[in-house]
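Asks: Now for the letters of each chain:
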Amino acid sequence: MDTNNHGDLIRRPSSALAKRPEPLEPPMTPVADIYETADAFVIKLDMPGAEKESISVTIEPGMLAVKGKAESHKLINGQLVFSEIGRRIYERRFNLGEGVDGSKVEAQFENGVLGITIPKADILKAREINIK
Amino acid sequence: MSLIRWNQTRDLDRWPSDFFGIQREINRVFDNFIHGGVQADENFAASYWTPAVDIVEQENEYLVKMELPGVSKEDVKISLESNILTIKGEKKQEKEEKSKNMHRIERSYGSFQRSFTLPTTVKSDKIDAVFKDGVLSILLPKLEESKPKQIEVKVK
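Those sequence lines, one after another, are chains A and B.
Residue numbers for the first sequence follow this note's numbering, so the first one is -4 and each next one is one higher.
Residue numbers for the second sequence follow this note's numbering, so the first one is 12 and each next one is one higher.
Calculated directly from the structure, the hints in this document are not laboratory data.
Watch out, some of these pointers could steer you wrong.
Here are the computed lysine to aspartate or glutamate pairs in the EDC-like style, where the Cα-Cα straight-line distance is at most 20 Å [claimed, not checked]:
| id | chain 1 | residue 1 | chain 2 | residue 2 |
| --- | --- | --- | --- | --- |
| 1 | B | K165 | A | E101 |
| 2 | B | K134 | B | E70 |
| 3 | B | K143 | B | E101 |
| 4 | B | K134 | B | E72 |
| 5 | A | K47 | B | D144 |
| 6 | B | K106 | A | E31 |
| 7 | B | K137 | B | E68 |
| 8 | B | K143 | A | E31 |
| 9 | A | K62 | A | D34 |
| 10 | B | K153 | B | D86 |
| 11 | B | K99 | B | E70 |
| 12 | A | K62 | B | D144 |
| 13 | B | K106 | A | D34 |
| 14 | A | K62 | B | E68 |
| 15 | B | K143 | A | D34 |
| 16 | B | K99 | A | E79 |
| 17 | B | K106 | A | E105 |
| 18 | B | K103 | B | D86 |
| 19 | B | K143 | A | E123 |
| 20 | A | K64 | A | E86 |
| 21 | B | K84 | B | E70 |
| 22 | A | K115 | A | E48 |
| 23 | B | K103 | A | E105 |
| 24 | B | K84 | A | E48 |
| 25 | B | K143 | A | E79 |
| 26 | A | K64 | B | D144 |
| 27 | B | K84 | B | E105 |
| 28 | B | K103 | B | D144 |
| 29 | B | K84 | B | E101 |
| 30 | B | K134 | B | E92 |
| 31 | B | K103 | A | E31 |
Owing to the predicted nature of the structure, the values given are computational and were not obtained by experimental measurement.
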């Protein structure tokens, strides 16, 4: 074995270490208000700074998952002299009961607030009963 | 003395995975104590909630970012007196929400006020503010004399 090869062997582990991705910051749970209207449940989540394109709302059986990222600080060149915000990866899941219609969920993002409207299934809707 | 304020969004079911967040908070408090730098002058009595803030020092300006999701820009007031920057305002609960059957309320409402002492003087007439996606960004250009200058030293 020549010395070149040897050097390569020694260098390899350290270069592998150097390429290791930055440790991932744990996602944060965005705070939410949940309220009920006559025919829907509404979830409002504070997700300031999230880029609209990064936000996803996924419906799985019995579950609604919200994800989003706020990474605008990456574009800023400068020294952080006071920091409370940092990088934000938003993630939160909600359990969906049987009384909702998961096929008609609507979402909109405005002013850093994600609003999700989940229509109630017919069985949960208030009905007026005709008196014969 | 620095008081560490409670951060609702950060503390919400984050323990123990947010251990490094606590570490960061401690570092931040020590950094502020040791290096002086930007100071937050908290007025606890006047604030019902405290929006999170980042301050970035750039070559020609300071950038102050404050998280204000769901706050309309008409309800925010920014003022600068000598070199103390004050941001205050109110987050109002929407009328439709108030009248509904609430299941969960985690978001904060009410007035807020935060003040920051900036380390160098800024051009008070050239301050610019943008409100986008619930984040208020304030650009405070530095005065010429407070910008870093390069001095050439001749070696004989």
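Asks: If a hint holds in the structure, say so; if it doesn't, say that too.
Replies: Right, here's what the structure says about each hint:
no.: 1; hint: K165/B <-> E101/A; result: violated, 68 Å
no.: 2; hint: K134/B <-> E70/B; result: holds, 14 Å
no.: 3; hint: K143/B <-> E101/B; result: holds, 17 Å
no.: 4; hint: K134/B <-> E72/B; result: holds, 9 Å
no.: 5; hint: K47/A <-> D144/B; result: holds, 9 Å
no.: 6; hint: K106/B <-> E31/A; result: holds, 14 Å
no.: 7; hint: K137/B <-> E68/B; result: holds, 16 Å
no.: 8; hint: K143/B <-> E31/A; result: violated, 28 Å
no.: 9; hint: K62/A <-> D34/A; result: violated, 25 Å
no.: 10; hint: K153/B <-> D86/B; result: violated, 27 Å
no.: 11; hint: K99/B <-> E70/B; result: violated, 27 Å
no.: 12; hint: K62/A <-> D144/B; result: holds, 16 Å
no.: 13; hint: K106/B <-> D34/A; result: holds, 18 Å
no.: 14; hint: K62/A <-> E68/B; result: violated, 30 Å
no.: 15; hint: K143/B <-> D34/A; result: violated, 31 Å
no.: 16; hint: K99/B <-> E79/A; result: holds, 17 Å
no.: 17; hint: K106/B <-> E105/A; result: holds, 17 Å
no.: 18; hint: K103/B <-> D86/B; result: holds, 9 Å
no.: 19; hint: K143/B <-> E123/A; result: violated, 44 Å
no.: 20; hint: K64/A <-> E86/A; result: holds, 9 Å
no.: 21; hint: K84/B <-> E70/B; result: violated, 28 Å
no.: 22; hint: K115/A <-> E48/A; result: violated, 27 Å
no.: 23; hint: K103/B <-> E105/A; result: holds, 15 Å
no.: 24; hint: K84/B <-> E48/A; result: violated, 23 Å
no.: 25; hint: K143/B <-> E79/A; result: holds, 18 Å
no.: 26; hint: K64/A <-> D144/B; result: holds, 12 Å
no.: 27; hint: K84/B <-> E105/B; result: holds, 15 Å
no.: 28; hint: K103/B <-> D144/B; result: holds, 17 Å
no.: 29; hint: K84/B <-> E101/B; result: holds, 10 Å
no.: 30; hint: K134/B <-> E92/B; result: holds, 11 Å
no.: 31; hint: K103/B <-> E31/A; result: holds, 19 Å
Hint check: violations occur at hints 1, 8, 9, 10, 11, 14, 15, 19, 21, 22 and 24; the rest are consistent with the structure.
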